[in-house]
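Protein chains in written order, with my numbering: chain A, 1 to 383; chain B, 1 to 266.
Please keep in mind that the hints were generated in silico from the structure rather than gathered at the bench. On a predicted model such as this, the values are computed, not experimentally measured, just so you know. Be aware that one or more of the hints could be misleading.
[As the list claims (entries may be wrong)] No farther apart than 16 Å at their CA atoms in a straight line, the calculated lysine to aspartate or glutamate pairs in the EDC-like style are these: (1) A:K7 <-> B:E67; (2) B:K107 <-> B:E80; (3) A:K57 <-> B:D196; (4) B:K151 <-> B:E43; (5) B:K151 <-> B:D213; (6) A:K14 <-> B:D12; (7) A:K118 <-> B:D50; (8) B:K200 <-> A:E8; (9) A:K14 <-> B:E31; (10) B:K224 <-> B:E80.
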Amino acid sequence: MDFRLTKEEALFQKMCREFALNEVEPIAAEIDEQERYPEETVQKLMKYGLMGIQFPKEVGGSGGNYICYSIAIEEMSRVCGTTGGIMSAHGTLGAWPIYAFGTPEQKEKWLRPLIEPKEGAKIGAFGLTEPNAGTDSAAQQTIAEKQPDGSYILNGTKVFITGGGRADTYVVFAMTDKSKGNKGISAFIVDKDDPGFSIGKIEHKMGIRGSQTAELIFEDLHLPADRLLGKENGGFKIAMMTLDGGRIGIASQALGIAQGALDKAIQYMKERVQFGKTLDKFQGLQWMVADMYTQIDAARLLVRRAAFNHDVGLPFTKEAAMAKLYASEVAMDVTTKCVQIYGGYGYIREYPMERMMRDAKITEIYEGTSQVQRMVIAGQILR
Amino acid sequence: MKAIVCVKQVPDTSGKVAVNPDGTLNRASMETITNPDDLNAVEAALKLKDETGCKVVVVTMGPPPAEGMLRELIARGADEGVLVSAREFGGSDTFATSQILAAAVNKIGLEDDDIVFCGRQAIDGDTAQVGSQIAEKLHIPQISYAADIKKEGNTVTVKRMLEDGYMTIQTKTPCLLTCIKELNAPRYMSLGGIMDCYSKPVEVYDYNTLKDDPLIDPTTIGLKGSPTNIFKSFTPPQKGQGKMLEGADKNTCETLAAELLKKHII
Numbered sequence: 001m002d003f004r005l006t007k008e009e010a011l012f013q014k015m016c017r018e019f020a021l022n023e024v025e026p027i028a029a030e031i032d033e034q035e036r037y038p039e040e041t042v043q044k045l046m047k048y049g050l051m052g053i054q055f056p057k058e059v060g061g062s063g064g065n066y067i068c069y070s071i072a073i074e075e076m077s078r079v080c081g082t083t084g085g086i087m088s089a090h091g092t093l094g095a096w097p098i099y100a101f102g103t104p105e106q107k108e109k110w111l112r113p114l115i116e117p118k119e120g121a122k123i124g125a126f127g128l129t130e131p132n133a134g135t136d137s138a139a140q141q142t143i144a145e146k147q148p149d150g151s152y153i154l155n156g157t158k159v160f161i162t163g164g165g166r167a168d169t170y171v172v173f174a175m176t177d178k179s180k181g182n183k184g185i186s187a188f189i190v191d192k193d194d195p196g197f198s199i200g201k202i203e204h205k206m207g208i209r210g211s212q213t214a215e216l217i218f219e220d221l222h223l224p225a226d227r228l229l230g231k232e233n234g235g236f237k238i239a240m241m242t243l244d245g246g247r248i249g250i251a252s253q254a255l256g257i258a259q260g261a262l263d264k265a266i267q268y269m270k271e272r273v274q275f276g277k278t279l280d281k282f283q284g285l286q287w288m289v290a291d292m293y294t295q296i297d298a299a300r301l302l303v304r305r306a307a308f309n310h311d312v313g314l315p316f317t318k319e320a321a322m323a324k325l326y327a328s329e330v331a332m333d334v335t336t337k338c339v340q341i342y343g344g345y346g347y348i349r350e351y352p353m354e355r356m357m358r359d360a361k362i363t364e365i366y367e368g369t370s371q372v373q374r375m376v377i378a379g380q381i382l383r
Numbered sequence: 001m002k003a004i005v006c007v008k009q010v011p012d013t014s015g016k017v018a019v020n021p022d023g024t025l026n027r028a029s030m031e032t033i034t035n036p037d038d039l040n041a042v043e044a045a046l047k048l049k050d051e052t053g054c055k056v057v058v059v060t061m062g063p064p065p066a067e068g069m070l071r072e073l074i075a076r077g078a079d080e081g082v083l084v085s086a087r088e089f090g091g092s093d094t095f096a097t098s099q100i101l102a103a104a105v106n107k108i109g110l111e112d113d114d115i116v117f118c119g120r121q122a123i124d125g126d127t128a129q130v131g132s133q134i135a136e137k138l139h140i141p142q143i144s145y146a147a148d149i150k151k152e153g154n155t156v157t158v159k160r161m162l163e164d165g166y167m168t169i170q171t172k173t174p175c176l177l178t179c180i181k182e183l184n185a186p187r188y189m190s191l192g193g194i195m196d197c198y199s200k201p202v203e204v205y206d207y208n209t210l211k212d213d214p215l216i217d218p219t220t221i222g223l224k225g226s227p228t229n230i231f232k233s234f235t236p237p238q239k240g241q242g243k244m245l246e247g248a249d250k251n252t253c254e255t256l257a258a259e260l261l262k263k264h265i266i
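So that you can see chain A by itself, here it is in the shape it has in the complex (with noise of 0.2 Å):
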């Protein structure tokens, strides 16, 4: 067994923290406070392969693997979570569903352009998520009709879809088939020019304030037959395994929450003077310090499993939950105490404490609740 990254990935890695610090770290601020979506930097990420890190070259992606994917949010989320957020759910929610049960045709068409290492390609987001359709995602109301050419009407609502407001290219879950519950969710692919569909209202958020969170309208929106993505009535396993991978994303975003706040903490215990010394002299804050160290690195071994696990095709559902649920608590947990140790300052929106501590919460509820989680895992315990 080994611990350590192979020389690619901690080249990788080197290379992410450079990108992050000059170009994610300098806005990370001003997007928060503007709500603004970081147009410039995905430009970069996607000239750099940073949007398609973890799919093959054969289909436009990068050629990296999911470890890497992991490594790349986790170092922009050490500086702005919004930037990992958007990282994660263009890549595991919009890109992968396509990649795992898009056809040929719908790969090239839809996949490549999302994944391409170049600027100006395109955004994905994912919409399954509905006013009374949260955790109980069988609960759906938006309808697709099936007409006897075999296309599609969609009628409904979709809300709380992370990148909605931005994205070129949306994979979107609706019931074909009301009467068989989870049996009768079907997911579809729908282009943002599509007549009949429109972005609602963006939200006004606490953290991941940049991501341009949406609603997403859909008002007899018709979709030709080779918009279903996958079986017809089998959107609901798509959906879930979507969410597994996507864990691993939410998971680095969480583990490099934590990881940027401990940091910053520790810098400023050395620079902070009270009673004469420098913070870092005080017990009771060394032995904080020593527990987020100990958490976030617990968090990381799990993170990184879960990624393992997906690279070399090992079953990763429990792992990949495990990541989510234990990351995402010690990101709240540490940013929690990091903004206790700023003291005022970390009150205050001129330092980055209170502004982590605000994204981080987010990582607790989306792409499933840690209660979910806790139940994902029991599950595939007790089963």
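Fit chain B to the supplied structure of chain A, relying on the hints for placement.
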């Protein structure tokens, strides 16, 4: 057609600077980076590669770990690396270094339409001598402080950035250009480049590889071949606090003039 880029691994001065008791840099205990101006030189070569498809060879002289830097530059887009490394080359000053690097360029082979790129200067020594010396020893034209480079056929047009303006110079290849940070914004490594960089060739040139070049002679390389003697190195005393005057009114101007007069500057 080739672009040969000479690069140097230097201590990262943004981190902790460690100094030996004798005043020299304790290089072993400091993190290393690619010299910043050299990254501009690499970027200039990679741009030429983007436009013409030419081969880019990165060359460095240094201890074996400098191979890591060459791999990173290959991950940015260079095709091959050459590591010039031998005990005999240790302790070289700029004169001896340029002897050895010029011999290395000869060994790689300089063709009619090739360009040698160097950074303007390294952040550790700040001499800005090696690039120019290499050109002299190769008997090729050189243009320093390149802020813009255009190549058409065998003609290279370079805008040099000087303290008080620009100077545009044309020359023929093969030639050597030293690059400044205003020239371009160096690209990052790419994931594809990283995946391939350990399988691309990095050749090691040791003393035996280069010893037959007329430039290589025990009296022209290494510590013995270095005419520079370091008498003493020390940290200069900190300058006193500056004084800031703000405003564009007559009063401020008079205060400024009085200050300068008092210090006998005007």
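Going down the list of hints, with the structure as the test:
1. A:K7 <-> B:E67: holds (13 Å)
2. B:K107 <-> B:E80: holds (14 Å)
3. A:K57 <-> B:D196: The given pair, whose Cα atoms are some 13 Å apart, holds under the 16 Å limit.
4. B:K151 <-> B:E43: Since the Cα atoms of K151 (chain B) and E43 (chain B) sit roughly 15 Å apart, the hinted pair holds (cutoff 16 Å).
5. B:K151 <-> B:D213: Not OK: K151 (chain B) and D213 (chain B) at ~30 Å, beyond 16 Å, violated.
6. A:K14 <-> B:D12: Cα-Cα ~15 Å, so holds.
7. A:K118 <-> B:D50: The given pair, whose Cα atoms are some 14 Å apart, holds under the 16 Å limit.
8. B:K200 <-> A:E8: Holds, at roughly 13 Å.
9. A:K14 <-> B:E31: Distance ~13 Å between K14 (chain A) and E31 (chain B) Cα, so the pair holds.
10. B:K224 <-> B:E80: violated (31 Å)
Hint violations for this structure: numbers 5, 10, all remaining hints satisfied.
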